[in-house]
Structure formats: C-alpha cells, structure tokens
Amino acid sequence: MSGDEECTGGDLLTRALAGERAAFGALVRAHQRLVFSLALRMLADRHAAEDLAQEVFLQLYRNLSAVSSEAHLAFWLRKVTMHRAIDRLRRAPALERSTPRAALEEAAAVASEMQPGDPLLERRLRSLVTELPPAARAVVLLRFQEDLDPVEIARTLRMPLNTVKSHLRRSLAQLRERMTETADVLI
Amino acid sequence: MKVPFSGWRWLAAPALALAASTALAAPAALLNLPDFDALAAKATETVNISLDTSLLSLAASFLDSSNPDDAATKELITGLKGIYVRSYTFGQDFAYPAAQVDQVRRQLAPPAWQRLVEVSSTKDHTHVQIYVSADRGVANGLAIIASEPREFTIVNIVGSIDLAKLHRLEGKFGIPKLDLPDGKDGRQQGR
Amino acid sequence: MSEDQNLERRLRSALGAVDPGEDFAPRVLARIAAEPAYAAPPARTGALVSWLAFGFAASVVLAVLLAHEWQVRRLEQGREARRQLIEALRVTDEKLSLAYRVVNSREGTAPPEHSGA
Numbered sequence: 008m009s010g011d012e013e014c015t016g017g018d019l020l021t022r023a024l025a026g027e028r029a030a031f032g033a034l035v036r037a038h039q040r041l042v043f044s045l046a047l048r049m050l051a052d053r054h055a056a057e058d059l060a061q062e063v064f065l066q067l068y069r070n071l072s073a074v075s076s077e078a079h080l081a082f083w084l085r086k087v088t089m090h091r092a093i094d095r096l097r098r099a100p101a102l103e104r105s106t107p108r109a110a111l112e113e114a115a116a117v118a119s120e121m122q123p124g125d126p127l128l129e130r131r132l133r134s135l136v137t138e139l140p141p142a143a144r145a146v147v148l149l150r151f152q153e154d155l156d157p158v159e160i161a162r163t164l165r166m167p168l169n170t171v172k173s174h175l176r177r178s179l180a181q182l183r184e185r186m187t188e189t190a191d192v193l194i
Numbered sequence: 007m008k009v010p011f012s013g014w015r016w017l018a019a020p021a022l023a024l025a026a027s028t029a030l031a032a033p034a035a036l037l038n039l040p041d042f043d044a045l046a047a048k049a050t051e052t053v054n055i056s057l058d059t060s061l062l063s064l065a066a067s068f069l070d071s072s073n074p075d076d077a078a079t080k081e082l083i084t085g086l087k088g089i090y091v092r093s094y095t096f097g098q099d100f101a102y103p104a105a106q107v108d109q110v111r112r113q114l115a116p117p118a119w120q121r122l123v124e125v126s127s128t129k130d131h132t133h134v135q136i137y138v139s140a141d142r143g144v145a146n147g148l149a150i151i152a153s154e155p156r157e158f159t160i161v162n163i164v165g166s167i168d169l170a171k172l173h174r175l176e177g178k179f180g181i182p183k184l185d186l187p188d189g190k191d192g193r194q195q196g197r
Numbered sequence: 129m130s131e132d133q134n135l136e137r138r139l140r141s142a143l144g145a146v147d148p149g150e151d152f153a154p155r156v157l158a159r160i161a162a163e164p165a166y167a168a169p170p171a172r173t174g175a176l177v178s179w180l181a182f183g184f185a186a187s188v189v190l191a192v193l194l195a196h197e198w199q200v201r202r203l204e205q206g207r208e209a210r211r212q213l214i215e216a217l218r219v220t221d222e223k224l225s226l227a228y229r230v231v232n233s234r235e236g237t238a239p240p241e242h243s244g245a
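Residue numbers (our numbering), protein chains in the order written: chain A, 8 to 194; chain B, 7 to 197; chain C, 129 to 245.
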C-alpha cells in the first residue's frame with residue numbers, strides 16, 4: 008500500500024483541495040469500487056460503466072471545493088453516480104432491455120445449471136435487478152449494495168421517503184416472483 | 007383531486023391568466039438575494055448560480071445546435087435575461103433560519119409579484135411557493151421558494167420561460183424521472 | 129429465515145462491489161491531465177540564443193501563449209456557464225416537480241391564507 012492510502016480520507020481531501028494530484032489519485036483509488044459498482048449495476052455494461060465512473064471523478068475534480076468531508080464525499084459520489092446513470096438510461100434505446108421471451112430463455116439456461124447457493128443464482132439475481140426500472144433499480148442498489156437505509160436513499164436520490172419504501176417493496180416482490188419463475192423453469 | 011400533468015398546464019395556464027390581470031407598472035423581476043455565506047459554511051451541499059444576460063449568452067454559445075437536447079435548451083432560454091439559484095442542503099433538519107428565507111419572501115409582494123402556487127405537505131414537512139412577475143400582462147419573472155427538512159432552494163428567473171419546454175428536458179441533464187405519472191398524456195400511475 | 133430475509137441476503141451477496149482494475153485511477157488522472165484547463169504549464173527550455181533574438185522570440189511566444197491562454201480561459205468559462213445553466217434548469221424543474229408532487233399527494237394541502245408574501 009502506498010503512503011497515500013495510509014493517510015486518512017480527510018487528509019487526502021485536504022491535500023487534493025490544495026491541488027496535489029497524487030492525493031486526488033489516492034481518493035480515486037479509495038472510492039473507485041463504490042462508483043464503478045453502482046455504475047455497472049445500473050448500466051449493465053462494463054465499458055459504459057467505466058466511462059461513467061471516469062466522468063464522475065472528473066466532475067469531482069472540478070467540484071472538489073463543494074465537498075466538505077470524507078462522509079460527504081461518499082454521499083456526493085453516490086448521488087452523482089446514480090443521477091448520471093439514470094440520465095443515461097433515460098436516453099438509452101429501449102432495445103437494451105431484454106424482452107420477456109429473452110429473459111425466460113436466459114432463466115432456462117441458468118436454471119439448467121444452477122444449484123441452491125450457486126453463483127449462477129446470484130448472476131440471475133443481478134440480471135433481474137438490471138431489468139428493474141431505473142428509479143427502482145437505483146433504490147435496490149443503494150439498499151443492498153451500499154447498505155443505505157431508506158432515509159439515506161431518499162436524500163441521495165432526492166426522492167420522498169414513501170416513494171423509496173414503495174420502490175423497495177414492489178421491487179422485492181417482483182424479484183421474488185421472477186426468481187420463482189426461474190425455479191419453475193428448473194422444475 | 008389529482009391535477010392532470012400533461013404539458014404543465016396545471017401551472018402555465020394560471021400563470022398566463024394571472025399575468026393578464028396584473029397592473030401596468032413595470033416590476034423588477036430580479037430579486038435582491040441576501041448573502042447566504044454563513045449558511046453555505048454550514049451546508050453539506052451548495053448550489054450558487056448567477057447567470058445574467060451576458061453569461062446566458064456565453065452559455066448559449068456553447069450549446070451545440072446539432073445536439074437535440076442542447077438545441078432544445080437554447081430555444082428554452084431565448085427569452086431569459088437571468089437565472090439565479092441558491093440551494094443549500096444540510097446534515098440536520100431545519101438547520102437554516104427562517105428569517106433569511108423570509109427576507110426573500112418579503113420582496114415577492116403585490117403588485118410586482120403575484121403568488122401562483124403555495125403548497126405544503128405536513129407529512130414530508132415540505133413547503134413550496136411559486137410566484138410570477140408580470141409587466142403589462144406579460145409574465146417576465148418567476149420565483150420559487152422550496153423548503154424541505156434538509157434543503158432550501160430559491161430560484162429567480164428573469165425574463166420569459168416556457169415551463170412546458172423546461173419540463174420536456176427532464177431526464178436529459180441528470181433530472182431523474184423518478185416520481186411522476188408515466189407518459190405525458192396525464193395518465194396516472196396505478197397505486 | 130423468512131423468504132424475504134433470504135432474498136435480501138442473496139441480494140447483498142449478489143450485489144457485491146466490483147473493482148474496475150488497477151489502471152482505472154491512472155486513466156482518470158490521464159484524462160484530467162489531457163483537459164486543456166488542467167494541463168501543466170509548458171516546460172521551460174534552456175536553449176542558448178542571443179539576447180535580441182531571445183527577446184523577439186520570447187515576445188512572440190508570449191503573444192501566442194496569451195492568445196492561447198485567453199482561448200483556454202474563454203473555453204473554460206463557456207463550459208462552466210453551460211454547466212451552470214443546465215444545473216440551474218435542473219434545479220428549477222426539480223422544485224416545480226416537487227410542487228406538483230405535493231399538490232397531488234394525499235397529504236398535500238394549501239397552507240393557511242396568512243402565510244407567504
């Protein structure tokens with residue numbers, strides 16, 4: 008581990024604000040998993056996710072003075088990543104979403120190989136998450152990937168709390184139903 | 007009763023009706039926004055934007071007319087003379103003093119300004135006021151004051167803006183379509 | 129464990145963080161370095177020339193640099209103005225949408241007549 012990673016996040020932020028490029032690089036390394044993972048799960052495309060993740064950090068570089076603390080930095084990165092991802096999805100062609108027929112065929116392919124606790128089951132689950140509408144997908148990712156509570160999700164996405172809870176409830180029901188379809192195909 | 011969503015008619019029509027009935031004197035649509043530096047120091051996030059005519063013109067020159075979204079934005083701001091935004095987000099509920107917000111509200115008084123919309127949600131502790139300024143029956147300014155538990159926002163638009171066109175840009179520049187009815191024909195989401 | 133808890137456990141496991149790789153950060157820094165506004169100032173050369181020629185060459189270089197600097201600054205100002213414009217429009221629409229949501233929510237009510245300006 009380099010000397011930079013051993014510094015606290017607050018130290019890195021201060022040094023990055025002072026114009027130290029290496030400190031900013033360390034900030035990127037410290038948070039790249041968070042940003043890239045959210046982008047990847049939202050866009051379901053590695054190249055697009057990397058492109059978006061780079062843009063997020065470029066935007067951070069330009070707006071570093073707006074970040075007041077390490078905790079605020081994580082909030083800021085999640086917020087910007089999700090808003091940019093949702094914006095991209097709104098503009099992406101509808102063909103990117105799998106058709107019901109294609110989804111069922113994929114379910115059959117996965118079901119024929121999977122066992123309880125199998126990574127393929129998790130792959131199927133990840134695939135189903137990417138089929139959720141953008142807003143619901145964002146809520147699910149912030150809840151189960153980032154472990155945010157509904158109040159924090161509401162703040163990040165600037166969404167009413169009741170809407171967050173509603174998205175969670177309906178998304179879990181939809182995922183449960185689709186996973187049951189997968190099991191039915193196996194049977 | 008649900009308000010139909012399509013075309014922002016829920017807001018644009020009353021705005022036009024109100025403008026038509028307003029007295030003749032030319033109002034100052036530009037608000038005198040107080041110095042919010044003390045608040046900015048406490049805020050976790052700040053948006054502080056002041057774009058006058060020359061900066062709007064500069065911004066417009068950097069909009070790519072061959073890009074449909076940029077072209078739509080360029081068309082939207084054709085009648086604008088200024089747009090000013092002060093938005094502060096805090097780590098705690100109601101960390102901002104009402105007095106400073108009231109200082110802005112006091113400027114939004116008749117005959118120069120007319121309140122178009124004022125709504126409150128006791129559940130979400132949200133309060134939004136929208137005002138319009140008019141000169142000889144033509145709306146020439148818009149002001150929005152939005153108070154939420156951890157955020158307050160003031161928007162002042164000088165000049166004319168088509169709210170329906172603004173809303174058509176939703177989803178283009180990071181405005182997530184998160185909670186509004188599906189489609190633009192006023193159909194309501196089933197709940 | 130209930131079915132819901134089982135699904136949530138599986139979701140947490142399935143949605144683990146993914147690393148973009150060791151060369152991600154260097155690529156970000158490379159993009160920053162490539163932006164005209166953030167490019168390092170040109171390195172000084174140490175060529176030995178006569179003072180007169182050096183003065184003339186220096187003034188030409190200075191003029192070119194100033195013109196370039198002006199262009200770079202203008203470019204950055206324009207991009208920043210565009211960015212701020214889009215952000216301002218975004219916030220405006222967000223707050224109008226907020227008002228709409230409140231109007232159409234079950235809890236939305238018009239406040240008492242004495243409030244507001």
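Accuracy of the hints is not assured; some may be wrong.
Said to hold, decoys possible - Heads up, simulated DSS-like pairs for lysine-lysine below, C-alpha to C-alpha not over 27 Å straight-line:
| hint | chain 1 | residue 1 | chain 2 | residue 2 |
| --- | --- | --- | --- | --- |
| 1 | B | Lys129 | A | Lys172 |
| 2 | B | Lys87 | A | Lys86 |
| 3 | A | Lys86 | B | Lys48 |
Unchecked claim - Taking CB as the label site, the calculated pair distances span:
| hint | chain 1 | residue 1 | chain 2 | residue 2 | range |
| --- | --- | --- | --- | --- | --- |
| 4 | B | Ser63 | A | Ser173 | 41 to 47 Å |
| 5 | C | Ala145 | B | Pro40 | 42 to 48 Å |
| 6 | B | Ala77 | A | Arg28 | 35 to 41 Å |
| 7 | B | Gly85 | A | Gly17 | 25 to 31 Å |
Stated by the list, open to error - Just a sample of chain C residues kept apart from chain B, beta carbon distances all over 12 Å, derived:
| hint | residue |
| --- | --- |
| 8 | Arg137 |
| 9 | Pro154 |
| 10 | Phe182 |
| 11 | Ala191 |
| 12 | Leu194 |
| 13 | Glu197 |
| 14 | Leu224 |
| 15 | Val230 |
What the hints contain is simulated information worked out from the structure, not anything from laboratory work. Just so you know, even glycine gets a beta-carbon here, dropped at the ideal spot from N, CA and C.
Task: Unsatisfied constraints (hint numbers, rising) - done: 2, 7, 14 and 15
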